[in-house]
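Peer 1: Place chain B on chain A using the hints.
Residue numbers (my numbering), protein chains in the order written: chain A, 1 to 431; chain B, 1 to 304.
Just so you know, the hints here were simulated from the structure itself, not pulled from any lab data.
For every residue, glycine included, the Cβ atom is placed at its ideal position computed from N, Cα and C.
Check each hint, because a few of them may be wrong.
Here are some, though not all, of the chain B residues that point toward chain A, as calculated from beta-carbon distances under 10 Å [said to hold, decoys possible]:
#1 T99
#2 R100
#3 L114
#4 Q119
#5 L120
#6 Q122
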Amino acid sequence: MRVVVAQHAPSLRERLKDAAAVACVALLLGVPMIGLTTVDQGGALHVATRWPVLAIFVTLCFIGRLLARFGLDRLQLRRRSRPAAVSALRGTGALTAWVGWSCLGVALALPVIFSDNRYVVDTATTVLIYVMLGWGLNVVVGLAGLLNLGYAAFYAVGAYAYALLSTQFGWGFWQALPVAGAFAAGFGLLLGWPTLRLRGDYLAIVTLGFGEITRVILINWTDLSNGPNGIASIPRPTFFGLPFKPDGDTPTFASFFGIEFSPLHRIIFLYYLILALAMLTNLFVSRLRKLPVGRAWEAIREDEIACQALGINVTNVKLSAFAISAMLGGCAGVFFAARQGFISPESFTFNESAIVLAIVVLGGTGSQLGVVLASLVLVLLPELGRDFADYRMLLFGAAMILIMIWRPGGILAKREPTLRYRALSRDGGGP
Amino acid sequence: MALALQQLINGLTLGAVYGLIAIGYTMVYGIIGMINFAHGDIYMVSAFIAVTGFTLLAALGVSSVPLALLVVLVVSVLFTSVYGWAVERTAYRPLRGSTRLAPLISAIGMSIFLQNMVQLTQGARVKPIAPVLIGGFDLLTIDDFTVHLAYSQVLIILVTVALMLAFTFVINRTSFGRQQRACEQDRTMTALLGIDVDRTISFTFMLGAMLAAVAGVLVTVYYGVVDFYIGFVVGIKAFTAAVFGGIGSLPGAMLGAILNGLIEAFWVAYLPPEYKDVATFAILILVLMFRPSGLLGRPEVEKV
Numbered sequence: 001m002r003v004v005v006a007q008h009a010p011s012l013r014e015r016l017k018d019a020a021a022v023a024c025v026a027l028l029l030g031v032p033m034i035g036l037t038t039v040d041q042g043g044a045l046h047v048a049t050r051w052p053v054l055a056i057f058v059t060l061c062f063i064g065r066l067l068a069r070f071g072l073d074r075l076q077l078r079r080r081s082r083p084a085a086v087s088a089l090r091g092t093g094a095l096t097a098w099v100g101w102s103c104l105g106v107a108l109a110l111p112v113i114f115s116d117n118r119y120v121v122d123t124a125t126t127v128l129i130y131v132m133l134g135w136g137l138n139v140v141v142g143l144a145g146l147l148n149l150g151y152a153a154f155y156a157v158g159a160y161a162y163a164l165l166s167t168q169f170g171w172g173f174w175q176a177l178p179v180a181g182a183f184a185a186g187f188g189l190l191l192g193w194p195t196l197r198l199r200g201d202y203l204a205i206v207t208l209g210f211g212e213i214t215r216v217i218l219i220n221w222t223d224l225s226n227g228p229n230g231i232a233s234i235p236r237p238t239f240f241g242l243p244f245k246p247d248g249d250t251p252t253f254a255s256f257f258g259i260e261f262s263p264l265h266r267i268i269f270l271y272y273l274i275l276a277l278a279m280l281t282n283l284f285v286s287r288l289r290k291l292p293v294g295r296a297w298e299a300i301r302e303d304e305i306a307c308q309a310l311g312i313n314v315t316n317v318k319l320s321a322f323a324i325s326a327m328l329g330g331c332a333g334v335f336f337a338a339r340q341g342f343i344s345p346e347s348f349t350f351n352e353s354a355i356v357l358a359i360v361v362l363g364g365t366g367s368q369l370g371v372v373l374a375s376l377v378l379v380l381l382p383e384l385g386r387d388f389a390d391y392r393m394l395l396f397g398a399a400m401i402l403i404m405i406w407r408p409g410g411i412l413a414k415r416e417p418t419l420r421y422r423a424l425s426r427d428g429g430g431p
Numbered sequence: 001m002a003l004a005l006q007q008l009i010n011g012l013t014l015g016a017v018y019g020l021i022a023i024g025y026t027m028v029y030g031i032i033g034m035i036n037f038a039h040g041d042i043y044m045v046s047a048f049i050a051v052t053g054f055t056l057l058a059a060l061g062v063s064s065v066p067l068a069l070l071v072v073l074v075v076s077v078l079f080t081s082v083y084g085w086a087v088e089r090t091a092y093r094p095l096r097g098s099t100r101l102a103p104l105i106s107a108i109g110m111s112i113f114l115q116n117m118v119q120l121t122q123g124a125r126v127k128p129i130a131p132v133l134i135g136g137f138d139l140l141t142i143d144d145f146t147v148h149l150a151y152s153q154v155l156i157i158l159v160t161v162a163l164m165l166a167f168t169f170v171i172n173r174t175s176f177g178r179q180q181r182a183c184e185q186d187r188t189m190t191a192l193l194g195i196d197v198d199r200t201i202s203f204t205f206m207l208g209a210m211l212a213a214v215a216g217v218l219v220t221v222y223y224g225v226v227d228f229y230i231g232f233v234v235g236i237k238a239f240t241a242a243v244f245g246g247i248g249s250l251p252g253a254m255l256g257a258i259l260n261g262l263i264e265a266f267w268v269a270y271l272p273p274e275y276k277d278v279a280t281f282a283i284l285i286l287v288l289m290f291r292p293s294g295l296l297g298r299p300e301v302e303k304v
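Chain B on its own, in the form it takes in the complex:
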């Protein structure tokens, strides 16, 4: 019972991180219909910026944790959004309007490029940082097992909820959100109505990169270690989450991510942990067999 509660907390934390990244996948898919394989690496770049940021602030003698967190979050979000923009501008925009496979290959190339660039410039070794946020609450104790809720977990869940609310507002209420949704439905028509489609797509990439950047900083705080390979695994998990919930659907991405996090956490607790990735994918395949367009996705209607 206590273990289940603990894994519920861990699973939700993991799910929140996946969700922040999954939104980037699902938004990009919604607007230009491509899998942005480099998105996981954008998250990895942000985690490295966070490592540098925290180390730099510690060297400068900033001891206030909230201040350090805020500064690193802002700096990382800014720099990472430039990365998101540059990736779209160099690798995807020239391929707009060509075959469906071309941007996919270009994205895989970009993913390889970013991974190796970070490996070259920041080193191939695992980077551990000094713990930023220590401690937590002991919720309850059953049979010598204490359910622990770390401050970093509270931070992750709170930040994710806040960002989701803000994000829903941006998409539903602002003029950028309207443009973004219009581009998703029909790019040609949107362009005819005088909306700069290229700019909207650029913003979408930047927004996705910003959310991934927040996830990168939060994970750095939570786990305290970073290496150049983390983007691949987390990226695949987040993409699975986006497909799970129905790609193109924002609430679906969040739902899929939370389910993914919970499945992983509970599998690790009760079943052989080596097979946790198998479980994620096997459940994904099962779900897709019965609901071919994901949990919340609308089935595609094809007209001839």
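Excised from the complex, chain A in its bound form:
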């Protein structure tokens, strides 16, 4: 419901009135939370007041609203006086590809440039884990258009599968990776099967419930998962059988290549490992999109009834999306367990599912590059905010709202059509 905005610029009086209204609301919101608080004194609560802080808060809201309104109006005026943006339609596909390739280039070069900075490589590894999770969830949310609020469950299944297989049965990383992935895919089928009749938000709550069930079971089934204490000393991945250790009976990575041992070797190896896994995921998903099943996912997203009418087996198509998404999440979980060396149910809360979903939606549902940009934003934002650690989650929440309002379709809102007429007629296949 969009109302046509009045064309005249608001007068100063109107602006002041508007800002005063905002300040009034800020005062009402602030009194019970900022103005008053309770402090524990000798076992009993006492009320403490913080009126000066409240006054500062209200003043800031007043000035902030005044400036923001002013800036937004100027922006709108400028935008309106400009001719319609035709250029935006031209050549974005090439630009996306260019940005994508340069991102990959930077990612490949990063450990070389920052080879002595453990923190940078570690953070980049975290970003890549989220990229992989985002690409995995994108299959269900972005392509098939089904909402999944319990993605952390599959992540947890993969992580615990690797942790148990390695600590109990001595399996290696590479042996466990496909098994854990298949296991997670099985869980995806288990969840998908009863929920396929549901649509929209019923599906959302069921997936959320499934995520919570998984977490509660992991906390309480102590015989299997060691409960809230988690599983520790999970073996780290090896470089084709060469462990990353200072020295040992068998040849280590450092002794085999005749270089001096450095703890950074493993970190850089883990970084390249997740980069390879993520790129494999990307390749896998973008190939799947060109297969009939991938086309069917996107068709179901657009119109389920039309798909049924065309004879597509909606059940199987949805199940395949769930299973493949779960498998990718499980593989990311295996890497997570191998990297941390310790996992506990704490790492797989609803917050994790929400962050991955936020990455997919903020990036622009269905956009592969958008996922990368959104994970960069969402992982780096709290990292950059470490200096004011108390406020970082507050700012994180606010940033989620602001980005959504700024670009409701996601950072890369343009939905790439997978089928292009010209490309189709030229070589008979997809681009």
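Peer 2: What follows is chain B alone, placed relative to chain A:
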């Protein structure tokens, strides 16, 4: 037998609290079709306002319990409804008419924001308040087990029933209720008939926040402890209740909430209590398998 009766009382109390919150979810879903993830945190904000209110009144020397309850209820409802309004205005209204997922993400962001705001301004520790309403009735004793009905439980059930009656009246009989139901059916048509849709949606959010505020105050009286994380768990339970009963349906939300409360109470009494959340969700999934639009929800008819 006595234990079952006791759990029936406890379950109904819990169900009443869930019901007050579930109505907020189901109303918002009915009118704009989004899951308001921040609703549980609105309830949490209200519980904190109640803690401050009770402490302040005790410091001022108000010793009359009914007076204290009334004052805190009114103050908390007023302030919390402003929160409900502000949440809708800042995070959801700019996204009206965009994709279905955008307001959901914005709601999750708002939930994170509210939780951390309360943690920052009110502290991360659990806040216990001095008991407000002590005592109760001993109903009957069987084999040394006394069935106890606390005054606070009576209060919760009475207030919930009264509010439900008032609420049903508002929705069915008043002009706001008619506007609200009209917006639920067709927003464009309602706007064409000269009804301010934005204002109706704002009121819906405020009404939902008011009911959640009452739930927050009642829970503070009942349990006596509050922390910044309570909104998440209770919010999810209440949302489950709304889906259970058929989202968009008001009697359904109440029914689902009472069933949820009873399931939880009886599970805790007879089965391993650690798994009570598993039970709630497992039963929800089972119900949805056989009735895909909830217990009282109307099946969606989709036209091409």
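Peer 1: Against the structure shown, which of the earlier numbered hints fail to hold, in ascending order?
Peer 2: none
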